[in-house]
Amino acid sequence: MTPIAYHALAAFIVLNAVILMVTYVTLLERKFTARMQSRIGPYYVGWPHGWLQPIADALKLMMKEDIVPTRADRWVYNLAPIAFLIPCVLIFATIPFAPGLGVADLNIGVLFFLAVSALEIVGLFMGGWGSNNKYALLSAMRAVNQIISYDLPFVFAALVPVLLTGSMRMSTIVDAQQGLWFVAYPVIGQLAFLAFLVATLAAENRVPFDILEAESELVAGFRVEYSGMKFALIQLGEYAHMLGASFLGALLFLGGWLGPGPAWLGPVWFIVKAMLVFLVVTWVRWSFVRIRVDQILAVSWKLLLPATIVLLLVTGLVVALGGPGGA
Amino acid sequence: MERNGSGFLTETGQLVRAVGRALGITMRNFFRKPVTLRYPDVKRAYPDRFRGVLALTYDKETGEENCIGCRLCEYVCPPQVIKVEMLKAEKRNYAKTFTLELYACEFCELCVQVCPTDAIIMLKTFDLATADRREMLLDKDRLHALGLEHDASWATGNRLRDMQAPPKPAKAAAGAKGDVKETTE
Amino acid sequence: MAQQQVVELGYGGNERLMMNMGPQHPSAHGVFRMILTLEGEAVVAVEAVIGYLHRCHEKLGETLTYVQYPSIASKTDYVAAMTAELAYVSAVEQVGKVEVPKRAQYLRVLVAELQRIASHCLWLGTWCMDMGGALGGGATVFLYAFREREMILDLFEALTGARLLYGFHQVGGTRYDLPAGWDARCRETIAFVERRIDEYEAMLQGNAFFLVRTQGVGTISRELAQEVGVVGPLIRGSGVNYDVRRAKPYSSYEDFDFAVPVETAGDCYARYRVRMTEFRESIKIVRQVLDGLPEGPISSRPGVKSVGQVRVAKGEGYAPIEGPRGEVGCYLVSDGGPKPYRLKWRGASFTNLSILPHILPGHKVADVVAIMGSVDPVFGEVDR
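Chains as they are written, first to last, in our numbering: chain A, 1 to 327; chain B, 1 to 185; chain C, 1 to 384.
Simulated from the structure, these hints should not be mistaken for lab results. Backbone N, C-alpha and C fix where the C-beta goes; we use that ideal spot for every residue, glycine too. A few of these clues could be false.
Said to hold, decoys possible - One-sided and incomplete, this derived list gives chain B residues near chain A with beta-carbon spacing under 8 Å:
#, residue
1, Arg32
2, Val35
3, Thr36
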C-alpha cells in the first residue's frame, strides 16, 4: 500500500474512532456525574444503562432544523463550527495508541499538539462574532482571554516531561517512562501533573473556569445561536479537545500504553488511563462553583504561570545536574 | 487574589484542604444509593391523605349515588370549575348533571370538605394525562367511573370536619378522628 | 423607559452596551427583566422591570371569601406557601378578633419552620446553580438541596395531601391535624437534614472558589438597608437585628427558644451565613414544638360547611409574618361581610428587589447572578 493510502486509511480509522469515543464519553460523563448527584443518568433509551442514548442524541441533532439568524454574518457563522472542530480532531493525528500505531508520530509531536489545540480559539471567536448576539460576543471575548492566558501554563506543564525525556516525540516520551511514570517523579512530577490538570480545566472551559458558557448568565455562551448539526459539531469539538487533552495527560504523565500484560493490551491501558484523567477532570467539574473571569485571569497570571515557569526551571536544573533525560 | 510570600503557603494549604473536602463529599455521594424513582415502572406509595383526581361516590350499603345535588361544592370552589344541576325526587334529591373541569381545578380540597354526604372525594392518583383537553372535562358518569377505578384518599367531608371541630365530650369518648384508622403511608 | 437603541461595543470608555437579562432566563428566579447597562464587563446601571407574573391576587382577595382565599394565598410565595397562607389568616384573625387554639398555633409554628427549612434548601440549590452553572458544580449542590427538600415535602404531603400548595390554614386554626406516626417521621427527617446541612457547609464553607464569589460581593450597608427597607436575611446580614418573630411575636413564637442570626458584613457571604444559621435554628424550633405540642382542637371554628360562613366585623389591620424571605403581611380592610373589602399584600421580595439598582452598579456581570441569588426573590410575591 502506498504511504498516502496507508496514512489516509489510518486517518479515516482514527477519525471515526475518535468520534465514536467522543460520543460515548458523553454517556460516561452523564452516568458518572449522575451517581455523584444521587441519581441515575440516562437509563431508558438502550435499557438498562442508556447505551443508545448518545445515538439518540446524535440522531436528534441531525434531524433538527438548521436556523441561521437573519443578521448573522453568514460565512463566518456557518464556517465557525468547522473551524472549531478541525483543530480539535487534528490533535489526535499525533497521538500514538501503541508503539507504531498512530497516524503520524512526528518528532515534534508535543509541539504540534499544543500548537494545533490552541487554534480552536479561532473557530470559537468566529462563532461568537458571526452570531451577531451580544451574549455570544461577550462569551467569545472572555474565552479568548481565558484560553490565551491558560495556554502558557499548559505548555509549560507539558514541557516538563519533554525536558525529562529530551525529545518531543510522543512514543519516545512513553518509552522513557518504562522505569517510572513521570507523575511519580518526586515533587516535580506531581506538581507538573497538577498544573497540567488545572490548565486543562481552564483550556477546556470546564468549571471552575467555565465562565464563558455560564449557563445561568450567558446561556451557552458562543454556542447560543447554534442548533442542530452545527451544535453537534461544536459539542463534538469540545469533547474531542477534552479527550485529546486527557490522552495527552495520560501519555505525558501516566505512562501511555505501558502496563502489565502482553503488548496488545497497551492501547487498552492507554484508553483506561485517559478515561481516568477525564473522570478526574469531570469530578472536579461537578464539585465546584465557577469563579469570575477576572479571578480566572488572576489565577492564571499571578499563580499558575509563575509556578509553572519556576517548575520548568527547576526541572531544567535537575536534568542538568545529571537527572534523567537530556538536551 | 492577592498573594504575598508569608501568607502564600497557608492560603494554598487551606485551598487544598477545602478542595479536598468538596471533592470528598462528591465522591461520598457517588457511593450512596441514588434517590431516583423509575416512574412509571415504579410508583411510590402515596400517603393516605393524597389529593389526587376527583371522583363521585356511591353509598357503600345501598349502592345509591351519594350526591344530593346541594351545590355547596359549586359555591365553595375558588376557580368555579364545578357545575351542578339538581334533580328533585320524592325521598331525596339527586344531581341531574355534574361537570368538573379538571384542567382548571386547583386541587384545594374545599369541595371535599364542604360536602355533607361525602359524595365528592379525591383519589390517590393524579395520572390522567391526555392529549385531548376535552377528556379533562369530567361529567358525572366519568366521575363515578373514576371513583370505582382508583383508591380513594382518606379525606372525606365528614372526616375533615370532624378533625377540625372542637372535640365534643360524646365524640371524645367514641374516638375523635372518625371510624377509620389511618396510617401514615 | 428603556431606550430601544443599542450602542455597539467599544472600549473607548464612554461607549456602553445595554444588555437585557430576562424575562426568560435560566438564572432569574422567576420572570424578571433587568436591563443592564454595561461598560465592558462592569454594570453601570440597572433598570428592573417586573409584572410578568401579575395574577391579580389583590382583586381575587376581594372576590373570594375568607373560606376560599387561604388556598389561593399560598400561591403568592409559592416556594414558602405555609407562611404566605399564615399571613392572610393572621390578618383576618386580627381584624375579626378570632381566637386560635394553642394546638393550632403550635402546628402553625411547626409547619412554618419546616417550610423555612424547605425554602432555604431551594435557595441554596438555586443560588449555587446560578453561580456554578447547570452543567457544573452548582448543579450538584442543587440536586443535593432538592433531595433534602423532597423529604420535607413528603412530610407535608403526609400531613395535607399536597406537596407544594397546601391550603393548610383556615381562619381560626388549621385544617389538618397530624396523622399517626408523623411525629416520629418528622424527627427522623430533621435529624437527617441536619446532618446533610453539615455536609453542605463543609462543601462550601472553606471553599476558596465559593468565598471568592461571595465575599465582598453585593455589600448592603446598614444605612442603605434601613433606608430602602429590605427585610429578612438581607437586613439581618447587614447588622440590623429585626425579626418579626421577635419584634411582634405571633402564633406563640414567644414560647420557643431560638436565636436570630445577625451578621454585619452585608455581603452575599453574610446573607449565606444568616440563612445557614436559620436552618439550624428552625430545626431547633421544630424539635421544641414536637416536644411541647398540646392536645386540643385545631380550629376555633367548626369545619367548613358553606362558602360564606366566616364573617369578619368591620375594621382593618395588618399582621406581619416572618417568612423565609422576610416580612410578609396582608393589610385587610373589612366591611363586615364574608369577603374582604380590600386586601393588600406586602411581599418581602418586592422590597428586597428594590435594593438592586443600589448595589449592582460597579459589579461585574457574573456578580449579578450571585447577588440575585442571595436576595432570593420569588416573583409570586413581587408581582402578586
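Okay, the hints, checked on the actual structure:
no.: 1; hint: Arg32; verdict: 6 Å, holds
no.: 2; hint: Val35; verdict: 5 Å, holds
no.: 3; hint: Thr36; verdict: 5 Å, holds
Of the numbered hints stated above, none is contradicted by the structure.
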